[in-house]
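Participant: If you want the building blocks of each chain, they are given just below.
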Amino acid sequence: MDLEATTRRRDSVTLVELLVANEADEARRVCVESELDGPVWYPRRHGAAAPGWDASGYTGTVPAGGRLALGFASPADLVEPPATVTADPPDSETASMTPADVVAELGDPRPPRDAVTPAADLERDWSDDTEASAPPRPAGESRPRHEDGGSTTPRVPAVPDAVTAWLDRLERRGPGPDDRAALDAVADRVAALRR
Amino acid sequence: MILAVTGGKGGVGKTTTALNVAAALDAVLVDADLGMADLPTGRGPDLHDVLAGRTGALEAVHEGGAVTVLPCGRSLAGARAADPAALADALEAVRAHYATVVLDSPAGLAADAGLPLFAADACLPVTTTDRAALADGLRARALAREFEAGVVRVVLNRVRGDPPTDGVERAYGAPVVAVPESEAVAAATAAGVPVTARSPHAEAAARFRALADAVQSCRST
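Each protein sequence line maps, in turn, to chains R and L. Note that the first sequence ends on residue 195 in the numbering used here; no numbers are left out. Note that the second sequence ends on residue 1221 in the numbering used here; no numbers are left out.
No wet-lab data here; the hints were simulated from the structure. Hints are not guaranteed to be accurate.
Simulated DEER-style distance windows between Cβ atoms [unchecked claim]:
1. L:1093 x R:104: 17 to 25 Å
2. R:23 x L:1173: 16 to 24 Å
3. L:1161 x R:69: 31 to 39 Å
A few chain L residues that face chain R, going by a derived Cβ cut-off under 7 Å, partial list only [what the hints assert, rightly or not]:
4. 1035
5. 1076
6. 1080
7. 1088
8. 1115
9. 1145
10. 1190
Only part of the chain L face toward chain R is listed, based on derived beta-carbon distances under 8 Å [stated by the list, open to error]:
11. 1034
12. 1085
13. 1118
14. 1141
15. 1189
Every residue gets a Cβ at the ideal spot worked out from N, C-alpha and C, and that includes glycine.
This is chain L alone, in the form it adopts within the complex:
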């Protein structure tokens, strides 16, 4: 299964959501933000190299960390040389080996956001209660519908108090999972690890596990 974590506006928490859902699903996390890599890079080839044809997709997968990751490069030259149209085939190669692939998609509605949805079987749109985030998220949801990437759950991130989940569900036409703003998530994100690993008893960790359970239920039907 290929699951795209999407959402039109930057800064709503797509990368944090993708990291935590991938950890909960024991999936490979692919940093599909070709223009601005969000996940830490390390030694070895990355997605830019894969999409430029310099290496195979499996060679760019880094195991051994809290989450298995296929990172993206950070150079302009690498982004220029990478063929975004090669992303779908690269993801299929990863899926054939790892079963579940979670895509951290970029913000916006250009091809770099559309191609993960094109390749994905399902998606998790991420938004906050911010009006601009909700509006951009709905546009991303429309793009997901166009590419038939069904919405498993809408992630209403960084909520405080009593969130307007009913309104968001009506707008998106899909169930909502609200993830609270929390120090545990901030600390885990700063450390580059999933909150499910660092603070497994935190409320946010429970919500990310619930998202993973919803994804598993979706793939079994």
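In isolation and in its complexed conformation, chain R is listed as follows:
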């Protein structure tokens, strides 16, 4: 793996241009690290680090027989060499991750415990056509009470903060196709009633 570097110093900023060449017959993973004694000002897109970049440098793949052009800046003084390349670095942090690590790093997506009513619906009978053909209920909606002889007006408990926060997150994601279909059905019914 060859690394060519071009550097210049301008307005107290060191600009580094790199060309990584892979002469092997197969694509190779590389890690390019800055040797400058200062922070790496890596390329950004829409406010976030460009893919592959972080504070230490760049990690990515160079195609077989191909070249990869990179660049970064730093307020640090110029040193030679400004960067080093490591081919086939030891298993990256993500390469050795397990699914449990992914959940720990990105956050458990499950609804909070407070949002879950007793799991009566987990025991449903798959041969129950009435249950299976009923339209899906919005998450959290209580089942109608057919059996008790008391009031049919369900109690409405206060919504826990954790549930509100989770529902707000879902709301920000926008409506899915079934939601749109449901909304369209409601609009049609309203139009029919108005006629």
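Chain R is already provided as a structure; the job is to place chain L on it using the hints.
Facilitator: Frame of chain R; chain L shown alone:
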């Protein structure tokens, strides 16, 4: 092959894309949105049951429709009981039997979006020309890179007129397939069927078939 249809923002058309690409690839479509199922559910076990250990993955696959589907449950209790970390093993069991698996991934960048990318061999990021969608899509693309799910094509969805494909290609670093906004797609989506089945001559159907061809080319190299 496991192919994740991803994209950071909700509402860009991931589910429609996943449905149509799965149909074109004759693949199993897995609704991997554990918190908000996007595909119709029916009788029988679903992904919540699989991830809670109540049934095997193959038992939850529903054949016989326009697309073979492994649906997800819709209850909070089911989502709470499902272990998201079990998704990768469940998908491997499906892949071993069906060869090609397409994942309809949720929006966002939490583990429910990351785990499909973790399990996938490749991905199709979906975006629109909306600025927020492009920005969120780039974040999803960065997550895909982190989990080494190579981008086959970027799907630029719901385009009108002359879309800025060059700019999107430069931003994403991957080729773009633009899918037009069309009544054919809307009608097919409303009916819950692929546009390739309902309106095979529509321009959008041709674009989805092109996506499938690109995926096939990718797996043969």
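Participant: Now tell me if each hint is right for this structure.
Facilitator: Verification of the hints:
Checked against the hint of 17 to 25 Å, the pair residue 1093 of chain L and residue 104 of chain R passes, with Cβ atoms roughly 24 Å apart. One distance hint, 16 to 24 Å for the beta-carbon pair residue 23 of chain R and residue 1173 of chain L, holds here, with the actual separation near 23 Å. Taking the beta carbon of each, residue 1161 of chain L and residue 69 of chain R are about 33 Å apart, inside 31 to 39 Å as hinted. Below 7 Å, beta-carbon pairs count as interface contacts, and residue 1035 of chain L has one with chain R at about 6 Å; its hint therefore holds.
With a least beta-carbon distance of about 5 Å to chain R, the hint placing residue 1076 of chain L at the interface is held under the 7 Å criterion. Proximity of residue 1080 of chain L to chain R holds as hinted, the smallest CB-CB distance being about 5 Å (cut-off 7 Å). Because the closest C-beta pair between residue 1088 of chain L and chain R is about 5 Å apart, less than 7 Å, the hint holds. With its C-beta approaching chain R no nearer than about 6 Å, residue 1115 of chain L sits inside the 7 Å limit, and its interface hint holds.
At a threshold of 7 Å, the smallest CB-CB gap from residue 1145 of chain L to chain R is about 5 Å, leaving the interface hint in force. Given hint, residue 1190 of chain L at the interface with chain R, holds; its Cβ is 6 Å from that chain's nearest Cβ, closer than 7 Å. With 8 Å as the threshold, the beta carbon of residue 1034 of chain L comes within range of chain R, its nearest partner Cβ sitting at about 6 Å, so the hint holds. The closest approach between the C-beta of residue 1085 of chain L and any C-beta of chain R is roughly 4 Å, which is under the 8 Å cut-off, so the hint is satisfied.
With a least beta-carbon distance of about 5 Å to chain R, the hint placing residue 1118 of chain L at the interface is held under the 8 Å criterion. Residue-level restraint check for residue 1141 of chain L holds (minimum Cβ-Cβ distance to chain R is 6 Å; threshold 8 Å). Interface hint status for residue 1189 of chain L: upheld, as the beta-carbon distance to the closest one in chain R is roughly 5 Å, under 8 Å.
Hint compliance for this structure: no hint is broken.
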